[in-house]
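Go by the hints and put chain V onto chain P.
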Amino acid sequence: QKEVEQDPGPLSVPEGAIVSLNCTYSNSAFQYFMWYRQYSRKGPELLMYTYSSGNKEDGRFTAQVDKSSKYISLFIRDSQPSDSATYLCAMNAPDNFNKFYFGSGTKLNVKP
Amino acid sequence: EAQVTQNPRYLITVTGKKLTVTCSQNMNHEYMSWYRQDPGLGLRQIYYSMNVEVTDKGDVPEGYKVSRKEKRNFPLILESPSPNQTSLYFCASSLLAGINEQFFGPGTRLTVL
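So the protein sequences, as listed, match chains P and V. Just so we're aligned, residue 70 is where the first sequence starts under the numbering used here, counting upward by one. Just so we're aligned, residue 3 is where the second sequence starts under the numbering used here, counting upward by one.
If you're looking for bench data, these hints aren't it; they were derived computationally from the structure. Among these hints, one or two may not hold up.
Unchecked claim - Under the rule of at most 35 Å between Cα atoms (straight-line distance), these lysine-lysine pairs were calculated in the DSBU-like manner:
| # | chain 1 | residue 1 | chain 2 | residue 2 |
| --- | --- | --- | --- | --- |
| 1 | V | Lys71 | P | Lys168 |
| 2 | V | Lys67 | P | Lys71 |
| 3 | P | Lys71 | V | Lys71 |
| 4 | V | Lys59 | P | Lys168 |
| 5 | P | Lys111 | V | Lys20 |
| 6 | P | Lys111 | V | Lys19 |
| 7 | V | Lys20 | P | Lys168 |
| 8 | P | Lys139 | P | Lys168 |
| 9 | P | Lys125 | P | Lys176 |
| 10 | V | Lys59 | V | Lys71 |
| 11 | V | Lys73 | P | Lys168 |
| 12 | V | Lys73 | V | Lys19 |
| 13 | V | Lys71 | P | Lys111 |
| 14 | P | Lys125 | V | Lys59 |
| 15 | P | Lys168 | V | Lys67 |
| 16 | P | Lys136 | V | Lys59 |
| 17 | V | Lys73 | P | Lys125 |
| 18 | P | Lys139 | V | Lys59 |
| 19 | V | Lys59 | P | Lys111 |
| 20 | V | Lys19 | P | Lys168 |
So that you can see chain P by itself, here it is in the shape it has in the complex (with noise of 0.2 Å):
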C-alpha cells in the first residue's frame, strides 16, 4: 500500500468554481502536511503548509486536515484558468523530517 493516495484526475471545473481536492495516508505518525501546486514542464512549488489537524486559509485557498480518517483536502475558491496545474500533497512525520511522501498529484483543469 503506498503511503498517501491522491486521486490523479483529471478534474475540469468552469471558471469560478469551488475546487476539492484530496488525499488519504496511512502513516499516522504523518503530523506536517504541505500542497504543492506544479505547472506544466515546471518543478512544484509550494502552496501552504499546515500542522495537525485543522483548517488554515490563504486567500483563495483553505487546507483542511482529518487525522482521525487521515484524510487531507485542499479547497480553492472563486477558481480562476491560472489555477490550471497539478496539485500534489505531500507529508512527513516527527521521527524524520528529512524525509518526504508525496501524493502522486490532480491534475486540475480550469475552463474560462
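Frame of chain P, contents of chain V only:
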C-alpha cells in the same frame, strides 16, 4: 535571483553509460534532496542531504549515488543507468528539513535506451 539549477535539462543516453546530473542552489540552504517523478507514482525521494558530507537514502535509492562536498552542490550519479531509470528528476533545497519550504529546480528529463 534565488534559485535551484539543474543540468542538463534533457538527456538521452544508453544503458550502462555513467552520467551525472548536477544540482546547485544559491540560497545557502542546509537541506537538499533528489526526487524522481513518474506518471501515476508521483514524486519519490531518492536521496537527501542534511548538510555537507551528510546524506541518507530516500524511498528509491537503488541505482543512484550522491555526494555533498560543498553546501551549494548536490550531484546525482547514475553509474550504470538502466531503462527503468527513465524519468523526470527534480532537485530541491530548503533552509532546513521538516516544514521548511522546498524550492525545486526545473527538472531533468532523462531517457535511458
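Now for the hints, and whether the structure bears them out:
Under the criterion of a C-alpha separation no larger than 35 Å, the hint pairing lysine 71 of chain V with lysine 168 of chain P is consistent with the structure, at around 21 Å. A hinted pair counts as satisfied when its Cα atoms are at most 35 Å apart, and lysine 67 of chain V with lysine 71 of chain P qualifies at roughly 24 Å. Distance restraint check for lysine 71 of chain P and lysine 71 of chain V: the Cα-Cα separation of roughly 33 Å lies within the 35 Å cut-off, and the hinted pair is therefore satisfied. Distance hint between lysine 59 of chain V and lysine 168 of chain P is fulfilled; the C-alpha atoms sit about 9 Å from each other, no more than 35 Å.
The hinted pair formed by lysine 111 of chain P and lysine 20 of chain V meets the criterion: a straight-line CA distance of about 26 Å does not exceed 35 Å. For the hint pairing lysine 111 of chain P with lysine 19 of chain V, the CA-to-CA distance comes to about 27 Å; that is within 35 Å, so the pair holds. A hinted pair counts as satisfied when its Cα atoms are at most 35 Å apart, and lysine 20 of chain V with lysine 168 of chain P qualifies at roughly 27 Å. Between lysine 139 of chain P and lysine 168 of chain P the alpha-carbon distance is near 18 Å, which keeps this suggested pair within the 35 Å criterion.
As the CA atoms of lysine 125 of chain P and lysine 176 of chain P are separated by approximately 22 Å, the hinted pair is consistent with the 35 Å bound. Between lysine 59 of chain V and lysine 71 of chain V, the direct Cα distance comes to roughly 17 Å. Compliance with the 35 Å bound is thereby established for this hinted pair. With a CA separation close to 19 Å, the supplied pair lysine 73 of chain V and lysine 168 of chain P stays within the 35 Å bound. At roughly 27 Å between alpha-carbon atoms, lysine 73 of chain V and lysine 19 of chain V fall within 35 Å of each other, so this suggested pair holds.
For the hint linking lysine 71 of chain V to lysine 111 of chain P, the alpha-carbon distance of about 27 Å falls within 35 Å, and the restraint holds. For the given pair, lysine 125 of chain P sits about 32 Å from lysine 59 of chain V by alpha-carbon distance, which is consistent with the 35 Å threshold. Between lysine 168 of chain P and lysine 67 of chain V the CA atoms are separated by roughly 17 Å; this keeps the pair inside 35 Å, and the hint holds. As the CA atoms of lysine 136 of chain P and lysine 59 of chain V are separated by approximately 27 Å, the hinted pair is consistent with the 35 Å bound.
Distance hint between lysine 73 of chain V and lysine 125 of chain P is fulfilled; the C-alpha atoms sit about 33 Å from each other, no more than 35 Å. With a CA separation close to 26 Å, the supplied pair lysine 139 of chain P and lysine 59 of chain V stays within the 35 Å bound. A hinted pair counts as satisfied when its Cα atoms are at most 35 Å apart, and lysine 59 of chain V with lysine 111 of chain P qualifies at roughly 25 Å. The straight-line distance between the Cα atoms of lysine 19 of chain V and lysine 168 of chain P is roughly 29 Å, inside the 35 Å bound, and the hint therefore holds.
No hint from the list above goes unmet by this structure.
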